[in-house]
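Take the given structure of chain A and dock chain B to it, following the hints.
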Amino acid sequence: MILSEAGESRIRGYLYVLQQSLAGALPREVAQDAVREIESHVRDRVAATSAADERGALEAILAELGTPLRVAQAYSAERTLDEALVTGRVVPVLRATWHAAVTSIAGFFAALGLLVGYVAGLAFIAIAVLKPIFPHNVGVWRDGPFGMPTSLGAKFPAPGEPSGGYWVMLVGLALGLAALVFTHRGAKRFLAWVRQRKAP
Amino acid sequence: MSRDTWQEQLRRGSLDLAILLTVSAGPKYGLSIIQHLEAFTDLVVTEGTIYPILGRLTRDGLLAAEWVEGEAPHARKYYRLTRQGVKRLADMSDEWRGFTRKIERLMAAVEKERT
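Sequence order for the protein chains is A and B. The first sequence begins at 1 in this note's numbering and counts up one residue at a time. The second sequence begins at 201 in this note's numbering and counts up one residue at a time.
Do not rely on the hints blindly, as some may be mistaken.
Stated by the list, open to error - Covered, in the sense of this in silico footprint (three residues per stretch, anywhere, with C-beta under 8 Å from a C-beta of chain A), are these stretches of chain B: (1) 223-231; (2) 251-258; (3) 271-283; (4) 286-299.
None of these hints come from the bench; they were simulated from the model. Where is the CB? At the ideal position from N, CA and C, for every residue including glycine.
One chain only, chain A, in its complex shape (with noise of 0.2 Å):
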């Protein structure tokens, strides 16, 4: 089947929104590789249709295919879920649980547990650091002179003086890097999980 400009416009219409989809979550050639790709399985299955219904034979095509968004989906869950388990860097690890958290409710949920020990693992070892340049608004916050420790970290105006001294600055580090490393371990335990359950 020849296609007509209304024919050749849906084709372009459809891998435009696949190229958007995919722009976010694949490197660039490799998106690019991508939408060539589906765009000659398009052509072939056009090539081969004898339908005298142009339309119709088209529609019926791309609905085989799969929407953009879907077709995006299945190339990202790809990607990003096999780089972040295989180099276990935390830019593909944050990439893919983001994905898992916008297409799932179990990704919902896991990221939001995620999320906050990845902020308390940072919020620990900003006190380390804030310590040693504001030493008189970082530290443990007791009720009182000699009463219970209320809260560790920073208070801007200092309402007295804090205790704990410079193991703060140990005590934040160790918090801190326990809680990211642990965070991040269950990241990938749970990326783990995803794979296995992944639709193709």
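For chain B alone, coordinates are given in the frame of chain A:
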């Protein structure tokens, strides 16, 4: 687990093997792989989702991909098994045969106990 979920998991688990088997006969491009799968199985639900799997198998080193010009009015991306892919396919085929044999044996034993 519902019947649909079980069937879906079975389908997902066997798709990699089915694709590697299809390509093992010789280099094939995306649509020809899909048509081959559709002719012998009902594993392809959405055609567009096969391509990301082909991409993953290529990144894993099991398939090699190459664009071929001039065969059709447009270029086609051909896939072929790599040496690593041949070995993996042999392992997967053995595992699959062993697995189905055990399940068949179990089903036959249970059937025998019932009678």
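Here is how each hint holds up against the structure:
no. : hint    : in the structure
1   : 223-231 : holds (count 3)
2   : 251-258 : holds (count 5)
3   : 271-283 : holds (count 6)
4   : 286-299 : violated (count 0)
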